[in-house]
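S.K.: Two chains, each in its own frame: build the complex with the hints.
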Amino acid sequence: MQKKSKQPLMRKSHLPLILLGAAMIGYGLLTAIVGSWLSNQAMRGLITAGAYRSQLMAFEQTAGLIAGFLFTVLFILCAIRSSGIVRAAFSIGTLASAGVLLTGRAENLLFKGMGLPTLGAGSVVAGAVTVLLFALPMTILFILLASGGQVPRGCRWLSLASIFIVLGTAFFPIYVTVLAFLLRPGDPAVGQMMEVSSQVIKLRFILPGLSLLFLALISERFSTKQLPAGSADNVIAKGELI
Amino acid sequence: MKPSIGKTQWNGLVVLLLVIVLLAASCKPASVSPPVSGPSEDFFAGLNLVVPSQYDPPIQMDSVITVDATVKFLGGNDIHNNVWTRAYEQQLGIKINYKWVVDASMYDQKLSLSVNSGEIPDMFMVSPAQLRLFHEAGLLADLTSVYEAEASAKTRDVLTQDPVSLQAGTIDGKLWGIPLTDAAVASAPMLWIRQDWMDRLGVGAPSSMADVLEISRLFTEQDPNGTGVNDTIGLCVTKSLWGAIANLQGFFNGYHAYPGIWYERDGELVYGSVQPEMRAALLALQEMYAKGQIDREFGVKDINQVSETIAQSKCGMAFGVWWIPYHPLNLSQQNDPYAFWTAYPIPSVDTTPAKSQYRSAIGAFLVVRNGYANPEALIRMVNFWADNILQSQDDDLRRVFLGDIDTPDVVLYKYTPVVVWEPNAIIDGGKKLREAIARKDPSSLDLEAQWRYRIIQAYFEQGTLEAWVEVATNGPNGSTSILEQIQEERGMLDRYFGAPSPAMAEKMPTLQTMEEVMITKIIMGDSIDMFDQFVQDWRRLGGAEIVKEVNLWADGNP
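Protein sequence lines correspond, in order, to chains W and B.
The first sequence begins at 1 in this note's numbering and counts up by one.
The second sequence begins at 1001 in this note's numbering and counts up by one.
Chain B with its partners taken away, still in its complex shape (with noise of 0.2 Å):
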C-alpha cells in the first residue's frame, strides 16, 4: 500500500513551515532607505528657514576652508557647489568663493602666504594668535557696529553664553572676530571610578580626597576584577599627565590646586603650578605610587596603552572630561559586561567644596578683510547658523544641513567656516533628556536626544548593559549634570583667554616641559623640595615676566 501523509502530520508541517517562516521573516533586516543624494533647491523650498534679509543683487564674497581626510561628500556635490554654498547664494544672495583649499594641519601656513602675499580673503577664521598680529598689521575690518546692526537675537544668546568669548574677540574695545564658540566647562575634569566595583566591595560614593585614596588603595588591594591575582591599579595616569583622559588635573583640584591655569588671588592673576597648593598634592600622588596604586610606567604609557589598561578591568578610577565613558572607559566592557563608571564631582581635601578648572572653548576666531565692503555679510551667515541649526527644532532641517541618519560619514557642517556650538547645549540637552527619563515622555525632545532617551530606556527597562555610557553621561546624575554644577558654582575658569604674549610665547613651552618633569619625578619618588626649587627656576626663567604681563593684559580686560 502507498504511504500516505496523515492530517496530523500534515498540520505538523504547516506548523514548522511557518516556524521557518516567521523565524526567516526575523533574520530580515530593516527596510533598508534609498540612496541619499545631494540636496537640491527643493529641500530649501519646504524648509521653514529664517532669513529676515538677502542682497540683491547678490554679493561675492572670497574665502577659504579646510577640508581633511574626513570630510566626506554626497554625489556631485564638492567644497565650492554643497548644500551650504547653494544656501548662501539662494537665501542669502551671497556668492561664496573659496580662493584655496587645504588640510587643517597646513591651514595657518597657507593663510599666512597668502597674507603675506596681499592676497587676504574677504572673510577667513584666524586663530587668538593670528587675531592679534592682523589687527596689529590693521588687515581686519572692525565688527563692532554691523554685529550691534545685524547680530539676531539667538547670535547674541550663543555668543554670550560663555561670558569671555566676545571678549576674547575684542581688542581695545572693538570687536575685531567673532569667536567660534564651544563648551568650555566641557573640558572641566570630574572623578570617574568603576561602579561595579566599588558595588562589589561595598564602598560608597567619595565625599573627600581621603575617601579617594581609600578607593584607590582597595582597588589595589582587594581584587576588584576577581582574577584572583594582584593585577590592579587605583588610579589611571597617562604620561602627559594632563588632558582629557586619565589627567591628573583633576587630582590637583582636590587639593585646590589649579596647574596650567591662571586664577586670581590677592588681586592679581597667578600661575596655578607654582602655587602652595601643589605640595599636598603632589605629596599623596607619590604615596599611591609608591604603593602600587599608580601604574610603575605611567611615566611612559600614552592614551593608548592607558586605554588597554582600561580594557583588560586594571584600572578603577581615572580623571577626565565628561564624555569619557564613549571613550576609552567603554572598552572596559570587552572584558567585563557587567563594567560601569560613574561620575562624581571633584571630591575636597578639606571641607571647601572642590572646584574642577577650565578653560575658554575660544580657539578660533572669523575675521573680516579691512577694506571688504559688506563686513556685515558675516554676521548674516552667522546668523543663518544659529537662526536655524541651532534655533529651530525642524528635523528636516538640521538633516539638509547637518546631515543624515543613513549617510553618517557625511558631516555636512564641515562644509562651511561658519560653524558655532552653544556653550550650554551640552547641559541644557543632558538636562532636558533628563526631564524626559523621569517623566518617561521623549515627545519634547529633539531626534538626536530621543535616541539618546531611547538608549537609557534599553539600559532600564531592557537590561541592555552596553547602554551604560549614555547613562553615565545623560541619564540621572550623569556627567552632564556634574557639568551644571560645575558651571554654576564649582568651575575654576583659567582668566587668562587672550593670545599668548610675547614672554609667553617664547618661553611657556620651556617651563611646561620643565614643570612635567618635575610632577613626573616626585610622583616617581624624588624629594619634594625639588617642586620649591621649581617654583624658584619657574620664575627666574621667565615666568615672572611672563605673570607681569599676563596681569597687565588682565587690566585691560577685566
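With the rest of the complex left out, here is chain W (with noise of 0.2 Å):
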C-alpha cells in the first residue's frame, strides 16, 4: 500500500489560515467583551432591560454582518490556498459564516419572515439554529481535517481535539438552558451548570480560532521543517510548494 506523503495545511503561505483564527478570536473576544460590558450594565440597574436588549441587538447585527463576510473570504482563500481533502475542508468551513452572517437575525428570519412557530422557545430555537450553522460545518471541517492522511500529525491530533472543542463550546449551552427551562427548572445543578454555560459561551468562536491558529502554526513548523530535509524536492516537482 502506498504511504501517502504529508503536507502542509497551505501551499506558499499560511497566512489566510492565521488571519482567519486571529479574525474568529477577534469576533469571539469582541463579542464577549461587549456582550458581558453591556450585561454589567444592565445587571447594575445602570441601563434598562429595554435597551440592553437593542443596543445589543444591534451591535451583534453589525458586527455579525462583518465578521460573517470576513470569515467567507477567509475560508475560500483558505480553500484556494489548500488541495485534496484540505481543500474540501476549508469549503465546507465556508458555510459555517451563514452562523455568523444570522446572529441576531436568526429570530426574525426564522419567525416573522418564515412563519415557524417559536413553541414559546423563540430565542432558544433560533440560538440553536444559528449555533449549529456554525458549529456544524467547523466539525466537518476539523474531522476532515483530522482524517486526511495527507494532514501533519500534529494538525490530525489538534483538529481531533477541536471536534470536541467545537462541539462542547455549541451544544453544551443549549443543554444547559433545555434542562434549566423545561426540564429540570429549580434544580440547583442545573443552576452551577447554568454559571458555567454563561463562561462556555464565550469561548464559541474563541477556541475554535485558537485551534485554527495552533494548526496554521503546526503546518507552518512541518514546511520549514520539511524543506531542510530535502522532501521539497519530490514536492516542488509536483508544484505544490512555494
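No lab work stands behind these hints, which were simulated from the structure alone.
Small disclaimer: the values here were computed from a predicted structure and weren't measured.
Glycine included, every Cβ here is placed at the ideal spot set by N, Cα and C.
Misleading hints may appear alongside valid ones.
[Said to hold, decoys possible] Across the chosen pairs, the derived CB separations fall in these ranges:
no.	chain 1	residue 1	chain 2	residue 2	range
1	W	I66	B	N1230	34 to 40 Å
2	W	P185	B	Q1054	35 to 41 Å
3	W	K12	B	G1202	49 to 55 Å
4	B	D1056	W	S36	55 to 61 Å
5	W	I33	B	D1350	41 to 47 Å
6	W	P185	B	G1075	22 to 28 Å
7	B	P1408	W	E195	18 to 24 Å
[Claimed, not checked] Quick look at which bits of chain W chain B covers, simulated, 3 or more residues with Cβ under 8 Å:
no.	segment
8	120–127
9	172–183
M.R.: Rendered as C-alpha cells:
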C-alpha cells in the first residue's frame, strides 16, 4: 500500500489560515467583551433591560455582518491555498460563516420571515439554529482534517481535539438551557451548570479560532522542517509548494 | 485482492464514532434523582430546628382543615399523618387531630354546622366576618396574654410588618385571632407596557398620564406588532374592571381616584368610587374607547379572552399587579420572541405623584375555642413556622417542610392551617436579588432566589429571551422594586379592614354592581352625567349609611 506523503495545510503561505483564526478569536473576544459590558450595565440597573436588548442586538447584527463576510473571504482563501481533503474541509468551513451572519437576525428570519412557530422558546430555537449553522460545518472541517492522510500528524491530533471543543462550546449551553427551562427548572445542580454555561458561550468562537491559529502554526512549522530534509524536491516537482 | 481498510479510514471511523458518542452523551438527560419518600423522624433529628419548649406529656388539639384537589401526598402520608402532624407531635408535643376535612369551597358551611351543633374545634381558621360573629357569641379565647407571653421575635416581626394585621384581629382592644398574613402591597396596580413596541416606535418611558394616552394612541395607530394590519389596541381591560390583571383601578389612580376603597379625606373615611376625581378618568377612558384604543368588546371579555389578545400581540399596555408577567403577559412570546413587558409606577395626571391603591391581605384568622386549656399552643405553632420556615435559610429544612424540587406537585405546607407569610417577603426578596445581581454574587441567596438569579443571568449573559419574566419582576428596575416605592410613599391603603358592617353586608353588593354598570356604560359612550346620577343614587340606596358605619368603626380603630 502506498503511503501518502504529509503536506502542509496551505501552499505558499499560511497567512489566510492565521488571519482566519485571528479573526475568529477577535470576533469572539469582541462579542464577549461588549456583551459582558452591556450585561454588567443592565444587571447594575444603569441601563434598562430594553436598552440592553436593543444595543446588544444592534452590535451583534453589525459585528456579525462584518465578521461573517470576513470569515467567508478567509475560508475561501484558505480553500484556494490548499488542496485535496484540506481544500474540501475549508470549502465546507465557509458555510460556518452563515451562522455568524445570522447572529441577531435569526429570530426575525425564522419566526417573522419564515413564519415558523416559536413554541414559546423562540430565542432558544433561534440560538440553536445559529449555533448549528456555525458548529456543524466547523465540526465537519475538523473531522476532515483529523482524518486526512496527507495532513501533518500534529494537525490531525489538534483537529481531533477541536471537534470536541466545537461541539462542547456549541451544544453545552443549549443543553443547559433546555434543562433549565424545560426539564429540570429549579434544580440547584442545573444552576451551577448555567453559571458554567454563561462562560462557555464566550468561548464559542475563541476556541475554534485558537485551534485554527495553532493548526496554522503547526503546519507552518512542519513545512519549514520538511524543506531542509530534502523531501521538498518531490513536492516542488508536483508544483505544490512555493 | 481483498480490499483492506487503510489507516486513514480507520482514523476517520474512530473520529466519527467519538463524535457520535459525544452527541449521544449530550442528549442523555441529567441524572435522575431517586424517588422521594415521606420524611421520617430522621429528618427532624438532622435538622437545626428552633423549638424553645415542648409539652410533656403531649397535649391533644382538635382542629379542622381544608384539602382540595391540588393537595398531593407522598406515599404513606395523608392529612392526618404527615410531616407537619409528626413535627407538631414530636417537636412541640401537640397531637393534632383533624375532626373533619373538607374542600375549601365547603369550609364556611361546614364550620357553621359544627359550631351550631356545639362541636367547636380547639383551633380553627375563620374569616373576618366569622371572627366578629364568633367573638360576639363568646366562642373564642382571648389571645392577648398568650401572644404577649409566647410569641417569638420572628412571629412578632411577621405579624407587625403589615401595620393593620394585628389590629384586624383585635376587637375591643383584645386579640382574638392570629392574622394569616400575606403581602398587602402585592395587590397594588402598576403600569405594564410592551417595551419592545416602545423601542420600535422610539417612545420613552411615560412620566405622566398624558404620556400614557399618547403611547396608547401610538400603539393603536402605528402598527407596533408589524403585521401591516390595524389590529392593535392601546390598553387591555377586562369586563370585570377590577382585579389583578388588566384592571382599571391603576388608570383611575393616575387621576388620584381610588375606586372601591376607603381613604381619609377631610378627617373622615370616604368611598373612592363616588369622589369627584373619578370624572376626569372616566372621560379619558371614554375618549380612548371612542378612538379604538380600548377593545370595542371589552364589556364582554373576561380574563381568558384578554389573555388571548395579549398572546396574539394585539395589546401593548395593561394595568396590573407585580406578578402578571408570569401569567398572562408571558403568553405574548408565543407569537413574538422579542416580546418584553416593563413595569412602571402609575404616572400622574398632574405634578402630584400618583398612588397605587391596595388592600390589607388579611383574609382569615386562626382562633382558639374559648375554654381550651392550652390557647398558647397556637402561638407555639405559629412560632414553629416563623422561626423555622421564615427565619431559617437552611435549604434542607425548607425541603423537608415545604417540598422538594423533584416532586413539585407535593406542596407540604398545605398540610397545616398554621401558615403565615411575611408581608415584606416579596420586596425584601427582590431587593436581595437585585443586590446579588449587581454584585454578580448569588452566594448570599437561598436556593429559590439563587435559581431566579440564574434565570436573570441567562437573559443577560446567554441571550435567553424567555427569561424576561424574571427580569421584569425581580431584575434591575423590576416590578418588585416598584412595590418598594409603593410601600414607602406611593401607595394608598384601603383604610377599612374590618369585617363587613351590617349595611355594607346588605347593600354593598348591589351598589358595586351599579358602579360597574355605570363605569362600563360611560366608557362605551354614555353621558358623564351618569356618574353624577350614580353618586346621588349610591348615597340614597345605602351608601350614606355605610359611610356612617365605616366612620364609626374608624373611630374605634384609629
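S.K.: For each hint, tell me whether it holds in the structure or not.
M.R.: Okay, the hints, checked on the actual structure:
Judged by the Cβ atoms, the range 34 to 40 Å given for W:I66 and B:N1230 holds: they are separated by roughly 38 Å. Remark: the range hint 35 to 41 Å for W:P185 to B:Q1054 is upheld by a beta-carbon distance near 38 Å. Between W:K12 and B:G1202 the Cβ separation comes to about 52 Å, which falls inside the hinted range of 49 to 55 Å. At about 60 Å, the beta-carbon gap between B:D1056 and W:S36 stays in the expected band of 55 to 61 Å.
For W:I33 and B:D1350, the Cβ-Cβ distance of about 46 Å falls inside the hinted range of 41 to 47 Å, so the restraint holds. Distance hint check for W:P185 and B:G1075: the Cβ-Cβ separation is about 24 Å, which falls inside the suggested range of 22 to 28 Å. A hinted range of 18 to 24 Å holds for the C-beta pair B:P1408 and W:E195, which are about 23 Å apart. With 7 residues having a beta carbon nearer than 8 Å to a beta carbon of chain B, the segment 120–127 of chain W meets the requirement of three or more and the stated coverage holds.
By the rule of at least three residues with a Cβ nearer than 8 Å to a Cβ of chain B, the coverage given for the segment 172–183 of chain W holds, with 8 such residues.
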